[in-house]
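Novice: Sequence:
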Amino acid sequence: MLKKFKNFILFSSIFSPIAFAISCSNTGVVKQEDVSVSQGQWDKSITFGVSEAWLNKKKGDKEVNKEVINTFLENFKKEFNKLKNANDKTKNFDDVDFKVTPIQDSTVLLNNLSTDNPELDFGINASGKLVEFLKNNPGIITPALETTTNSFVFDKEKDKFYVDGTDSDPLVKIAKEINKIFVETPYASWTDENHKWNGNVYQSVYDPTVQANFYRGMIWIKGNDETLAKIKKAWNDKDWNTFRNFGILHGKDNSSSKFKLEETILKNHFQNKFTTLNEDRSAHPNAYKQKSADTLGTLDDFHIAFSEEGSFAWTHNKSATKPFETKANEKMEALIVTNPIPYDVGVFRKSVNQLEQNLIVQTFINLAKNKQDTYGPLLGYNGYKKIDNFQKEIVEVYEKAIK
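Using mature numbering (1 follows the signal peptide of the UniProt record, and there is no 0), the letters of the sequence shown map in sequence onto residues -21 to -1, 1 to 382.
One should not assume that every hint holds.
Result set (EDC-like, lysine to aspartate or glutamate): computed pairs, CA atoms no more than 20 Å apart in a straight line [claimed, not checked]:
(1) Lys61 with Glu98
(2) Lys268 with Glu258
(3) Lys371 with Asp138
Bear in mind the hints are in silico, worked out from the structure with no lab data behind them. No experiment lies behind these values; they were computed from the predicted model shown.
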């Protein structure tokens, strides 16, 4: 899994299963049996929102990602129009052109899509932010596409949740498998050849034969053997005050994988000894810092950190920032991972007609299946699925993870 700021990014609302009905034959041709639109409702141009920072990234003098996105758009246009022309209900409509527009961040994209402005039609965003947004803005945008990613070799099963935080807990067992990879063969010693760095991820950490439609957060701990033993004792004793006083690094408050999911684990584990991270941070501000987990080794007063599960998998150990580096007598290791939430979700502005939505969804699926998606894998999107029931497939899975 590769969790970075996504190029396609968005949020959406809860619609009935009928709204997302798509059927396709073995050849991938979309059948639009119950949907029709007029010529005037047909959009001849569709715009995807793309991360401005990602799009403008340079290697030397070359804007390499603009080249990547142009190839992707060419492939997308070709496949979409092939599907369109194979369908009796759409073959007489104009071919559709596709383009991207740079977006500063997910909030800007959300706001733009929510206005139903035809200058932006589609984006992909983290499921948690989407669900939380829709609680206050039901029906304002249309979720239709679920992304999938190559599974980690240490975490291929979605249905694993917090039990009791002991060594027999399935989430602790996953953490122990992570440590076999990250600690037993020290991350700092990994070579590009041995762990198959491809410029984006360490391929040795993934199983491309298994697609996952979920991701997790995780809790790191750091220290020498004595400090690590004390942190684990506080965890096992469910001694929240001692545990927290080791100092916690966290992400933004609205981050699912670097704040909310870990908060749920802490609530379940420490129970009435813990309220919320925000309340506890207000009472103990010096015990918290918003900072990336890969800097934990540089901070003497902090020994616990929240991050996306397996974030080292897409972090090159030879980076100038020296990620996950610790002092010679210290180490970082995984304590526990979090409950799973759905992977990212593709969303349309609400007035994009159903026929084009369905065709776009199928185009994503076909490009991934035929290895013609030159863009998605760079951001951790290795496959796509249509959403049949947003409430059941996304909302309920997310709510179960954070309760």
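Novice: For every hint, state whether the structure bears it out.
Specialist: Cross-check of the supplied hints:
no.: 1; hint: Lys61 with Glu98; in the structure: 24 Å, violated
no.: 2; hint: Lys268 with Glu258; in the structure: 14 Å, holds
no.: 3; hint: Lys371 with Asp138; in the structure: 15 Å, holds
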